[in-house]
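S.K.: Spelled out, the chains give:
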Amino acid sequence: MSTVIATRGLAKQYGRVHAVDGIDLDVRAGDVYGFLGANGSGKTTTVRMLLGLVLPTRGEIDLLGERMPRAGRRVLPRVGALIESPAAYGHLSGRENLALLDAAGPGGGRRDRRRRITEVLDQVGLGGVGRRPVKAYSLGMRQRLGLAGALLRRPELLVLDEPTNGLDPQGISEIRELLLDLHRGGTTVFLSSHLLAEVEQLCSRVGVLDRGRLVLQDDLAALTAPTGATVVRTPEPGQVRAVLDGRVAAVDGERVVVRGGDPAEVNALLVRAGVPVTGLAADRPTLEEVVLAAAATSADRVERER
Amino acid sequence: MIAVELRKLFRRPRTWAIIAVLNALPVLVAVLLVLTDLAPRPGEGPPFLSAVLTNGALYPLAALAIVLPLFLPIAVAVVAGDSVAGEAQAGTLRYLLARPAGRTRLLVAKLVAVLAFVLVTVVVVAAVGYLVGTTLFEARPGAGTSVSGTSLTAEELAVRTVLAVGYVGVSMLGVAAFALFFSTLTDSPLGATMGALAVLVTSSLLFTLDAASPIAPYLPTRYWLAFVDLFRDPILWRDITRGLALQAVYVGVLLAAAWANFTTKDVTS
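Residue numbers (our numbering), protein chains in the order written: chain A, 1 to 306; chain B, 1 to 269.
Quick caveat, the hints were computed from the structure, so don't treat them as lab data.
Don't be surprised by glycine CBs; every beta carbon is placed ideally from N, CA and C.
Where hints are given, some of them may not hold.
As the list claims (entries may be wrong) - Here are some of the chain B residues that sit facing chain A, going by a computed Cβ distance under 8 Å:
no., residue
1, 4
2, 13
3, 102
4, 232
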């Protein structure tokens, strides 16, 4: 599998602040990569460095096999991006905005521009918006327009920074379907977000950034793999402890964690002893637990230095 | 890219509002002159204004002289100061650069668009001035009178008017270079515009100050009104060539600085 984004020791320093501190990203073709991190952990700086907007202090970036920012002119036309919030010229229509953006760089053919714009507007659900100026758009419509701009040249890689910002629940699920659809079509998606649920539903690989460091990078399936324990729900936790003496790892109200990764075996033992069981599952950490264990405190906390 | 910038500039209502406001002042002055018939005495007030009552064909020059000290530089500073910082403030700069538009190409396109704005503005002011002058005043397009008192043929007058428009354009390019440079420094278009205007106000102020006379030849506004010299007979080239050379140095240095800054800058807007 070829690598789409690879960084080595990528770092950005603003004065004495290490915004990004030596990260090695590894995003492969066909991934939906969830780039997680609290606000201020360096996600946006990283995304901007990938796109050549911010110049790294140290380290290297390979984007679609070419060195950034040097090869930006060749590589970036193959990348679609949504960087923080969408932006457009308010006095022009969405269509006109897309046309200007398309004409502003290489790789957007003039002949099929009109057709491509119609296509992406339909795709993001703005097909009927007409000649209304963007300043009359709602936040969600602007977000959709921004996404349309990212999709305009059928990119191989989509870099999206908080793409569901400002969308209502229906809009979020619509965009999720759109992204999964594009992914099935072969687009690699790099999704930067602080919404764990969004990442858990969409992504196949996850990287977690904490105060500028990449503290975790793995397949989602591996991160949330069964821990080898079974979670039992029962109104009688005391009886469980009596039956499975020594195997009970933790009791939390009606929730009992039992060592042993086979729920059926645990169930058989409990039922034979007449313990009422209301719920039973192999123990898996949630993404939230994994992330909280890996990343220390919220990055917007500014503690007094001792 | 240049076509994109031109489209953006001239599709923007603000651009035409500025040009309209810019033309309002000379038109107002013309109307007042016609109603009162009180022209400033020769040598006083804006150049050429005393002459227009006898020859309306000179009004384009009077109109340029009226807007040149303040209105025109403000307009240019607004447009040029907005060029990069305005995109940064609106957030569109990051999308243009990630498109990728190319930083040098974007800067060049912005410069060309500002240049086009300067030319269009100056030409519109001159054209409106001509229309107003020939309808409101007695026009004698056949012959003009030079500032020196000799008469000029219509052809001479036309050529010199074109030269004057070009000279004013170059002077405004100096303003544009200041504003564009400041525009790459800040994300606030207002800041960039005010910066350029501060430079001009400082320059005009120092120009009137005797103590500043050693640096007077290097002030950006020093030779702005030298276009009047084009209408002497013979043309007095001394200040005009100095003015062109001075603007060339300012434009060259400021654009180089703008380029150096913009191409190495972290775009965090």
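S.K.: Hints first: check each against the structure and report whether it holds.
M.R.: Consistency of the hints with the structure:
Checking residue 4/B against chain A: minimum C-beta separation of about 5 Å stays under 8 Å; hint holds. A distance limit of 8 Å between C-beta atoms decides the matter here; for residue 13/B the minimum to chain A is near 6 Å, and the interface restraint holds. This hint holds: residue 102/B has a C-beta 6 Å from the nearest C-beta of chain A, less than the 8 Å allowed. For residue 232/B, the interface hint is violated, since its Cβ never comes within 8 Å of a Cβ in chain A; the closest pair sits about 46 Å apart.
The structure does not agree with numbered hint 4 stated previously, though it agrees with all others.
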